[in-house]
Every structure is written in C-alpha cells, then in structure tokens.
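Student: Go ahead and model the full structure; you've got the sequences and the hints to work with.
Chains as they are written, first to last, in the UniProt record's numbering: chain A, 1 to 726; chain B, 1 to 475.
Hints were generated in silico from the structure; no laboratory data involved. Beta carbons are placed, not taken as given, at the ideal position from N, Cα and C, and that holds for glycine. Where hints are given, some of them may not hold.
Claimed, not checked - Here are a few chain B residues that face chain A, going by a calculated C-beta distance under 8 Å:
| hint | residue |
| --- | --- |
| 1 | Leu39 |
| 2 | Ser43 |
| 3 | Ala80 |
| 4 | Pro124 |
| 5 | Leu283 |
| 6 | Gly369 |
| 7 | Tyr373 |
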Amino acid sequence: MPPLDKRIKKFLKDSIRIAPKISGKGELSELRTGLVSQYPQTRKDAIKKTIQQMTLGKDVSSLFPDVLKNIATIDVEQKKLVYLYVMNYAETHPELCILAVNTFITDAQDPNPLIRCMAIRTMSMIRVDKILEYIETPLRRTLHDDNAYVRKTAVICVAKLFQLNKDLCVELGVVEDLVNALDDSNPLVIANATAALIEIHNMDMDAVDLSSLIQSHVSQFLLALNECTEWARIIILGTLSEYSAKDSLEAQDIIDRVTAHLQHVNPAVVLATIKVIVRNLPQIEYSSNSLIMKRLSSAFVSLMSTPPEMQYVALKNIRIILEKYPELLTKELRIFYVKFNDPLYVKLEKIDILVRLVDPSNLKQCTLLLTELKEYAMEYEPEFVSRAIQALSQLGIKYAQESFVSKVLDILLELLERQDTIKDDCCISLCDLLRHCPGNDKMAKQVCAVFNTWSNPEVLLQSDIAKCNYVWLLGQHPNNFSDLESKINIFIENFVQEEALTQMSLLMTIVRLHATLTGSMLQSVLELATQQTHELDVRDMAMMYWRCLSMPNNESLVNDLCQNKLPMISNTLEKFSPEVLEKLLMELGTISSIYFKPDSNRRKGKKYVQNIVKGKHIEELESMAKNEISSKANDDVLLDFDERDDVTNTNAGMLNTSTTLGDLDDLFDFGPSEDATQINTNDTKAVQGLKELKLGGDSNGISSGGKNNPDVSGGNIVSQDLLDLF
Amino acid sequence: MASAVYFCDHNGKPLLSRRYRDDIPLSAIDKFPILLSDLEEQSNLIPPCLNHNGLEYLFIQHNDLYVVAIVTSLSANAAAIFTFLHKLVEVLSDYLKTVEEESIRDNFVIIYELLDEVMDYGIPQITETKMLKQYITQKSFKLVKSAKKKRNATRPPVALTNSVSWRPEGITHKKNEAFLDIVESINMLMTQKGQVLRSEIIGDVKVNSKLSGMPDLKLGINDKGIFSKYLDDDTNIPSASATTSDNNTETDKKPSITSSSATNKKKVNIELEDLKFHQCVRLSKFENEKIITFIPPDGKFDLMNYRLSTTIKPLIWCDVNVQVHSNSRIEIHCKAKAQIKRKSTATNVEILIPVPDDADTPTFKYSHGSLKYVPEKSAILWKIRSFPGGKEYSMSAELGLPSISNNEDGNRTIPKSNAEILKGPVQIKFQIPYFTTSGIQVRYLKINEPKLQYKSYPWVRYITQSGDDYTIRLT
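Tutor: Right, here's the structure in full:
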C-alpha cells in the first residue's frame, strides 16, 4: 500500500472533478476533449456521454480514434462501453480497427474470464476483414479455455465468424472444434455448440451434417437436459425434436426422459417438450398413449396462464395439434373461455379453439358453449362480436341437429334486432345455417320474415359477402319476400358499385327467377354485367347465361343450371391439407406455426442467399489483400484515405447488389413454396367460389370465400364440393 | 434466432437497441411504428407478431414501452423469443425497479451490459438475476467509487455454468431461515344470478431463502402431490399450520385458524392438474418419486405453481343490480357478502362496478368502507378494508346520464344490453390471510446442509387472494 499522502493525492485525482464538465448537450467537440482528458473519471464520463449520443441515434463515429484510445483500461465497465462503441462503428473506420486488435488479443488472454469473453465476443462481431485476420489465435484459445463460461461464448463466435466470413471459418477448421464441443463436459457449452451448429446449418446446409451429428449425440443431449439453464434446455429439446427415433423403444425412451419437462416453469420449455413428444408419439405403442395424452393436455392448459403473447403462440399450436389429435383437450373446454382482460388477438383465437374443441356428441357441452358465445356476441368490441357470431353458426353446423340449429337461429335473430353494426355477420351466419338445413322451410320463413322488414338492404349491409348472401337468399326463397322486385331493383341500380360476389349472386338470382320477374330486369342486368363491369368472371358468367337464354330450349337449360337441389354444407371449419399438417407439427413453437405457413420448403432459398453473402466476402477478401499490400508499401501509415474510400465504396456497392438480389430471391422463393403447400390465397378461393356460382350449384364458398385465413386449404373442401356437383 | 432487440417508446420509436446479428438493415426498426399505426387504423386487432418485408417483428408491451425482437427466419422459436422478452423485462425490473421510458434512458449503461449477457448472437444465455447481480453490479450509479472496486471484482461466478447455475457458493446468513408463502389466486367468472361459469385456483409457492452454504431442501405437501380437498360448499376449510419434522428444524406455528368441524367433512382426493417448478427443482426426481427436492437460489423466488379448476363457491359474492333509465340516470344496488367462515376476514376488498362513459353527478349511500367514482375507468369503486366472514354489506349509487345520446335511433324499441352500455364486468379484488381454498398443506420442509449442519427455521404462511379475473358478468 502506498503512503497515505500518495493515496490521498490519487483519490483526489480520481474522484474530485476538476475538469469533468461534460454537459448533457453532447457536442462532439466537448466529447472529444473529454475523451482525451487527463482525468480518468472525465474520460469515462465522456465515453458514457458518447454512448448516450449513440443510443439517441446521433452519429458519433468521428470520435472513433479518441474513443479507441481508452480501450486499454482496467475498468471493466469502461472497457465494455468502448467495445460496444467499436462494435457499432468499426465499419466506419476499418483502418483504425487495427489499433484495437492488440487489445483484443491481450484481453483474450486476460486472467479474468469476463474480459476474455468480452474480447472474443466483440472481435467476432466486427465486420472488418483486418480484425478477422487475427481472430484465429484468440478463438482457438478460448474454444479450449478452462472456463466453461468462456467456452460457451467461444462456440457461438464460430457461428458469427461463419456468417461474416465462411471461407476463413472453413480454412481455420473451427467448425470441427464446434463438433467436438458437443462432447464437452458442460451442458451449457453443449447447448450453445448445438445452437451454433444449427445456425451454420441454416446458412449453408453443406457445411455440417447436422442430422447425423444429432443422431450420434442423442444420449449426450438427454443427459445434458437435466443439468442446464432453461434456455439451454430449449435448444436441446429443439434439437431432439429434429431427431427421428430408430424404433418404438427409443421413441418411448425419449418421451419418458423429456416428459418431466412439461412441468418446467418456462412456457417455452414446455412447448419445446410438447414438440419432442408429438414428434415421437406416432412411433410408440398405443397402450401408453392415453397417459401421455393426459400429460400433454394438462401442459397445454397450463400454457393458458402465461403472458398473452405466449398464449397466442400456444393457441395457434393447439389449433394445429387438435387437427391431428382431436380428442386431446375436449374435457378442458372451460379453460378457453374468454377472459374480459384478454387482448383481442387472444380472444379471437380462443373462440376458434372453443368451436373446434367442443364435442359434437355432447349436447350439454354444446349448449353451454352456445350460451357463452351468445354472451360474447353481446360484447362491445366489433371484431370480437363478429367472430362470435361466425362461431355461433359454426357451432350450429358442427352439432348438426336441426333442433339445435334452430336454437342458434333464434339467437342470431335476437342479436340481429339489437344492433345495426352486426347485420353483416348475422346475415352471413344465418345463410350458412340455412345452407346446412336446405329442406327446413320453417327456418327459412323465420329468416326471410326478418330480412323482409329491412327497408333498404343495400345500405344496411356493408360487406360484399353479406350482400351476396342476401341476394342469394332472395333467389332461394322468393315467395317469402314481399315486393321482391323492388328489393332486387335496388341492387340493379347500384350494380356498378357492387363488388364481384354480389354482382354474380345478383346475376344468378335474376336468371333463376326470370320467369317471375319483369322481363326488363333480366335484360338490364345482363347488359350491365357484360358492359359495365371489369370483372372477367362476372362478364363470362353473364355471357354464358345470355347464350343459354337465347337457345331454343332455354327454359329447361336454365332450369338445369339454376334449379338444382343444393348440397348440404356440413362443416364450416377449415382444415389443413395432410401434408401441411405434418409439416406444421414438425414446426411447433416457431413463427411459421403462428402463420400456419410451413417453413421447411423455404430452406432451399436460404442456401441461395448464403451464396450471395459468400460472393461478397470474396470481394472483401480481395480488397483485404489489396489493403494489406498497400499498407505494407505504406509502411505502417495507417491513415491512407484513398484506400479507405475504396474499401467503403466496394462494400457499399456489394451491399446494394446483395439486397436487390435478396429481393429477387424472395420473389422466386415465394411462388414455388406457395404451390407446394397448396396455400390458397384469397383470390384463388374467391374465384373458386365464383366458379361454383356460375355452375348454378350452390356454394359454401360464398360465405367462406374472401374472409378466411389465406393459409388454410379450405379451398380443398370447396373444390371437393365442386367435383361432387358433376 | 433474434437479430436485434429494441426498447421502443409508446409510439414505437426506438430508445435503445442491441443488434446481435448483421443480417437486418439498420433502418428495420423504423418501420415498426408505421406498422403499428397502420394496423391501429384498420382495427383493434394487433397481434404480437408482425411481418414486413421478410422480417418478423415480435413484441411485448410493458408499461409505456414496446420491447421488440426482430427475427429473419420463420423457423425461429417464437415461444422462446416471447418468453425471453418477458424475462428480459423481469431482469431489468430487478435492476431498475420500474422499467419504463425514463428508466431506460437513464440507465443505458447497465442495460447495454445486461443485453450483452442475457443474449449472444440472438441466443438467450443467462437470465437468472441472482447470478447476474454477482458480476453485473449497479455501479453505474455510484460513479466515484467504481473504478477502485472494479479491479479485483467482477468475474463471472464459477457457478454460472455449473449444473446449479442459480446459486453461488459461500453464502452465509447469521440466522438460517426459509420463508414459505403459499398464495392462492382465485379466478372466477360468475353470472349476475350467482352461477359460476368458470373457476380456477392458481397456487403459487413463494420462497424467501436465507440459508447459508448449499442447502438441500425437501418439501412435503399433503400426500405426494395429491391434495386432499374438502368438497364442501360452506368452504370451511382448515388453513394449514406449519409443521416440520426434521431434527435440525424447529416447529413453528404461525397464527392460523383451524376449524374443528373440518375433520368430519367428507374428504376427497383430487389430483393437481398441473404443477410447474422453478428450474432448481429436480424434475426427474419428482417425476419418478413424487418428491420435491431442490437447492434454492438465495433470496426470493417462486418455487412452484399449480392449478386446480374445480368448481368452488364464490368467496366474496356481490349481488349487483343495475338499472339503466336511458337518457336520465343509472341506479346501482350492490350487496356484498363474505362467504367465508366467520373466523376469517377478507382484507382490502375492492369492488369495481362499471358505469357508462358519459355518466356524471354520482350520489352514493353505503354502510361500510369508502365509495368513489373513478371516471378514468368509467366505474365506481367500493373499497372495504376489512370484511369479516359471514357479514353482508350493501350500497347503492345513482349517476346521471346525459339526456341526449349521440347514437339515438328513433325507431329502436329494444334497449341496449347492459354489456353494451357497461363495458366490462364487475371486478372484485380481495385477500384472505391464513387460508387456502384448495386445502394444500405443507407437511414439512426439511433443510439439510451437508457441510454446515446448522439449525434452520422454516416459516409457512398461507393466503388466498383474487386473481386477475375474478368477475361478475352483467347481462
């Protein structure tokens, strides 16, 4: 210990601020003076202020050389800040970064593991070729560090390096080190190494043979699982879900080993466990199934008391799993009752699950749900109410008994009386119910009686689908409406303003009823539809009718077209196609499972993107080489401005091309994946609906078209119905 | 996984960010507020996952903040990201107390440090606050002292990467104590007539551990994870008393009320629907032997939680009667009853009854507690500090309504339903100390520290309270 007076002196120097006047204004000149101040405390203050300016989004890159001077410090906090700064602005001063390299390398050997980590972590984040050149020694050393904390950081750095400079990474052979790290004694290192390998695999499928690595390390993963942090568990469970068990025994073993994790407090761990179980479930003996199902069901239920975002993911995943195992949660209906303080996005998903979950053979449950849905339909949030009304008709059709359907009908009619804003939804739902019970005249009369009282349906109904349904009903039950002609006339007057579905529905209704209506109506609608619309489908349909009507035996022909018996619709809930479902089951918990868009066929595209990145790096290597030659020629002259401009220019240029190429690639990528997964976009579905209309047959497509999730292959059902018609 | 994490203000403008990967453009976050406002214009439906130009914006809301993660790949684990964001906020609240716009701006240094530690290359790493605090210390506030201390300290604790990653070695406490709080939150949805539509008990076992060394704890609850429950509507459930059966521990009884009649009641075993454990609990041990064993983190943590969804009778029941005389006034009559046994007392009872947005000039009549009009919530709030079991209190209120309403419809004969006028249900909050609804009891808490062999004192406390959804639906 130094003598007292020296200590006092040092204390004064360190702490009493003679010149620490760094104001909050953050002017560059002031910061610069502060950064080179003789007082350590002032310098530190200045660094903080600089970072603060950076946080606020100001460009403080011009301070780079001055900040860099502070990198060699024993103060960990200050070092962290300088590192942060260097990481952010290295690209603006690539030639100066070389000054930091020495510190990085020394720090990577620091006795304090925290500093070793920081050094390697920062170094591998800097996109400057000159820094990466020097990464070999520190990276290798940290990969084999005694301290697990350092190793777990270093393994991730390999993935970072791979992203920045694949060739260098391959050249150094560090990927092999990564593979070796899978056998590390520390579970956290194993988990991070796995995560890094997965990242590398996603960037370039040929770099590592991931599946065989997983294959050979399953036992390590299962062992590590019980020993590590929650995040590491998620990684390991995620990896296990990629693995397909050799036989039913192994599948059973995996399930047994992971099941305990269904009781982890972290919902993401629970979901990852569910994924592993679902993956292995088809393989195991049927006898043990029911117990596992019970565990799965209670795990899902527990996910309903997590934060709303997590519930959202869980609900979307339940939707997927229910299609494979419909009996899974039937006893837990009440859990999905909507809470008043749920966010809207959770409420809507809950309604969806409720209707899917309800057991159509259980009258008591269905009736309970019916009263619950009725409550929802009387709430105040428009989207929620609209979804609830849709669910009412879905429930009615699912339960399928006419007495129940008429109960639903009564509720809908009661709701209809209450409020104007929900007329659209009620109209659609009522028409759906009528389509379900095509022979029930009593119901039709009830509905028509209410609709009949509307003075101006064209104004009352807002949406295309609702209007389309209304007009369809006019055509189906003309005798239940008084003053039919004037009702149709309103729509003819507004024909040009209507959208395609309504136009077609109107066309069909008038052709159907042309014998009873005034002749001029038919004439005017055909003229309007052939001349005044831009919708090709509407025009085609009108042309077709016109031709038919002008044929000699037109009456019977039109009869054949329009008077067919309607097929009964038996299901208004959408389903995935089997291939999509299988893929989605593999991707539980991921973002693609939220969108119901399987991601697996996008992998090809990713590889392509990686190639571009690689190309860019070849360029970078070239400029690196060029730099090196010139810097040697310049003999340590670091500030060679010409050279610097050159580098930044090439970088910027390459960046541009890569983004445009990326965009192009996205375009290419989108098309095929859509085809492959049979995703029906709104458009194609609407068209399908229209085609049906054209054939004179009746469609559930009218109601389901347009407003559904584009990703769900509900269209399949529609096209099936179409086929049935022939 | 995540390419960057942002803290954004209530408009979605970034306050502070940390990029973990280089695969997104710097301007990516600028699109976030635009996406939000575009969605808000269209409808109330704003899902927590937005997509734009191939980037996924996953976000959560906390106070006046949006915490956003940007992700490039659809195969990223959304569940893990959302959980991570929540955990991140949790970690920050441990450091900053409140996490909001201002505290984010004021503490950027420590936040950058934490962001460095909790995630690397988009992969979540260490979020255990107790360990983080070992090497990320709040020195940023005490500028002067810091430089000196730094020199020898701040290394990552060795335990960080051990299998017991939540507890460093060498902890000492003068008095070795462990406090167990069993908190049961009741969620219940009732109709105005008193029919219970949905009810569940969410139990939480909170531990505050002040034990030295590396103690191994063993918790016994009644009958190996299977709770006995008295399916009796009088809810005369004995609240359990704490007993310990280890020779090193001493038995301690907190004041608790045991009902003598309870022994005669029919005893039914019901299985717990799901148990969730803190990561310190040995899950495989519980799976195989149904024994809860763990090495606790130091200080406070949630050991386990459980859920029961059996039908229970309302503990605090309100008979609410709302009469709307449209265009003139609204009358509310409310009778509240504490349907718990006489010896128990419900405390801090709050009954929030919704009224129309445009109500005014409230007049109240009430016998107990305090009653006030809270216009910002469009509700009246009745607070009763202490509500003994079996008692019944009542109140009535009358509020004026504007004589002309905007959406008046001349032809309309059917009045709007209450649900449309009164946006939301009646919400009730309460606490009942020394009482659990499920009948869960701690049989023992054995504390064993192999090296130190000290005397330790476990304390157990029970409390039942309302959950976030204890509501009566007005129809």
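Student: When the structure is checked against the list of hints, which entries are broken? Sort them ascending.
Tutor: The structure breaks hints 1, 6 and 7; every other hint is satisfied.
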